[in-house]
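2 protein chains.
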Amino acid sequence: MINPYITEKLNPLFVIDESRRKELLLEAEKIPSLIISSAAASNAVMLASGYFNPLKGYMNLTEVLSVAEKMQLPSGILWPIPVVNLVKENNFSKEVVKSVGKIALRDPNVEGNPIIAIQSVEKIEKINEKFYSTVLEKTFGTTSLDHPGVSTFIDSGDTLISGPIEVLNYSYFSTDFPDTFKTAVEIRKEIDERGWEKVVAFQTRNPMHRAHEELCRMAQKELNADGILVHMLLGKLKKDDIPAEVRNESIRKMVQLYFPKNTVMIAGYGFDMLYAGPRETVLHAIFRQNSGCSHLIVGRDHAGVGDYYGAFDSQTIFDILPSESLQIEIFRGDHTVWCHKCEKVVMMRDCPHGNDNYLLISGTRFRELLSLGEEIPTEFSRPEVVEILSKYYQTL
Amino acid sequence: MINPYITEKLNPLFVIDESRRKELLLEAEKIPSLIISSAAASNAVMLASGYFNPLKGYMNLTEVLSVAEKMQLPSGILWPIPVVNLVKENNFSKEVVKSVGKIALRDPNVEGNPIIAIQSVEKIEKINEKFYSTVLEKTFGTTSLDHPGVSTFIDSGDTLISGPIEVLNYSYFSTDFPDTFKTAVEIRKEIDERGWEKVVAFQTRNPMHRAHEELCRMAQKELNADGILVHMLLGKLKKDDIPAEVRNESIRKMVQLYFPKNTVMIAGYGFDMLYAGPRETVLHAIFRQNSGCSHLIVGRDHAGVGDYYGAFDSQTIFDILPSESLQIEIFRGDHTVWCHKCEKVVMMRDCPHGNDNYLLISGTRFRELLSLGEEIPTEFSRPEVVEILSKYYQTL
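Protein sequences appear in the order of chains A and B. For the first sequence, our numbering gives the first residue as 1, with consecutive numbering after it. For the second sequence, our numbering gives the first residue as 1, with consecutive numbering after it.
Calculated from the structure, these hints are not laboratory results. We put the CB at the ideal spot given by N, CA and C, even for glycine. Heads up, a few of these hints could be off.
Derived DEER-like restraints, expressed as beta-carbon distance ranges [what the hints assert, rightly or not]:
#, chain 1, residue 1, chain 2, residue 2, range
1, B, 356, A, 194, 33 to 43 Å
2, A, 375, B, 307, 50 to 60 Å
3, B, 323, A, 240, 43 to 53 Å
Beyond 12 Å from chain A on every Cβ pair, some chain B residues (computed) [unchecked claim]:
#, residue
4, 132
5, 175
6, 388
So here's chain A without its partners, still in its complex pose (with noise of 0.2 Å):
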């Protein structure tokens, strides 16, 4: 399997040892505490989970200018996102925090806002416009707010507390998604058991249609990868994208009916949705490397959001990344249509039929067919998948 991105094994911020963790808990009460926002308890979960090895905390005003001025910490290492913890200011008290130099975080997602990590401060520092804007024209190629992450980005707060944690849980993710939600050192576990070596990793934030499918298929058999992993984020996401509970259903089902049997894993990730699109994507990357996957799909517009990214802009991204940084390699995904001719779904690029033969599928029909009711062409969609969805938009 391939190795983890940068050490040889996995050192995730979980803490399993049962001594450790009430420790942690009866320091818990004696340390101020802050609920942070939703992306930085999300940030904790990947950390815990092992899926942003090698990071050991939050990232401090050097490591996040760096980071997003050149994708590469202070050390080299490349990483192409800032993982923060940012907080409003007047939200507690710089003075007792530094003086204790601990802080327990509390999850803004989960009912009584338990402590979900313990965090030792290194730094405390407030960012100013000139830090924003790098910062976000950098990481998101826009300082727009009506882009969903810089909204997001900016709403979390105005200072950087940075330094390592140790994770007491998953958050919401372990107990809303018990049968999907895997930390990066389970799914290696389960790799190794299928005994898979090429793993072909589909990273999703959507239901599953029919160029999905075929892109997985199409992946598998051009690598000659020995599975797939339908890796699927179960953080929070804009409002018209589809829940991860009904997304969840409507892929186990697709999965389940049309590809053989113990070719496809599936398995979900605890991340709020950035939409940052080529940034996002070489951070895609870096976590399914860090889960034991030899290639990443990136299709059109990858974690991209209305017209912000160029089309094929998360691909080549990684044309610029020092040779050798990342041992994961992507597939790069063409447009994809339904062929009349050929009876599927196929990329642009391989098929020789030409428009003649083409049906463009546009999401946004899709979404409107469903809300209406209205028949959805198999070409589309899987009939089980649409059914599955239907329910959902007869509830909105």
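Position chain B against the provided structure of chain A, taking the given hints into account.
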């Protein structure tokens, strides 16, 4: 301006010198003559025009096999397509032609079959089944008689007459298309007069619709070219293609209305379409370099037909040519769609807007609408172009 292919100066095989022309016409009366195939005649016109520089005549068996198998003449010069005078063994006396050493070639496409060229006969070689299969497989990628280029090739004969030629006229091309037919010599002269350095050629055998128009515009802009050569095939086509006169009229109207003055040159060349896809595309590049163009636009399935070639085979073939064999470069066109947000035709690789905003333009659907006399969406084609094509369709 770019140099001609291989040589410093173009050496067109058209005989300009009046006394030499008279000599040849007199000689023609005394030597055997033969009505050649349309393909051989169009080869003669291309040789006469300087387009096939530096070739001196028709290839022999060794040359044809070398070109087919290695895309090279025995001398090492890159050449993608056999240029042959393929005749039927029973149509002439091999012994007489051999003893005379010369033959007058008669034009099959002009009434009275006037003499188009005089050939010095170097070899007369019967070809066999194996030759057919090798040459066809390598050149056309198929030996299927359903392929229009293959069937034309096989129908033309079983015997190669090779050797240099001197050409006396440009067949029907100069008479039927006096304003459009131009030799490579004439095009170079006009490029020179216009003071253009960087010229991008657009190959067409069809009317130009919005997609073609935009492709030209995008290439010119991206390459920062001084001008565009719209260079149309005037020879024989498969039945369902639009005749050259109609195409010519519609292209001229489109250029006049929608391109800035003095940015587009329209010209035609006298060649029968081979539909040989990638191999023919390399030939297209060679004769555009001979015409003084620095770039050739190569879109999806360039010079292709049916499903014989992959969508981008005609682009990727240039990746395997020996470096610096050609000076002309290609501009790679992607799939084009109408984008409702951009409000124009775009290349899918360049547009961020995605399927929800796209309209696929189907040529078949377009022709259907035309022949039914129904309204053509302006996304497909300029109304002035549609008007000209409609008139033609009403005569069918």
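Hints, verified against the model:
1. The supplied range of 33 to 43 Å is met by residue 356(B) and residue 194(A), whose beta-carbon atoms lie about 37 Å from each other.
2. As the Cβ distance of residue 375(A) to residue 307(B) is approximately 31 Å, the hint placing it in 50 to 60 Å is violated.
3. A hinted range of 43 to 53 Å for the beta carbons of residue 323(B) and residue 240(A) is consistent with their spacing of about 50 Å.
4. Listed as outside the interface, residue 132(B) is consistent with that label: its C-beta sits roughly 24 Å from the nearest C-beta of chain A, beyond the 12 Å cut-off.
5. The beta carbon of residue 175(B) is kept farther than 12 Å from every beta carbon of chain A, the shortest such distance being approximately 35 Å.
6. For residue 388(B), the requirement that its beta carbon stay farther than 12 Å from each beta carbon of chain A is met, with the minimum near 22 Å.
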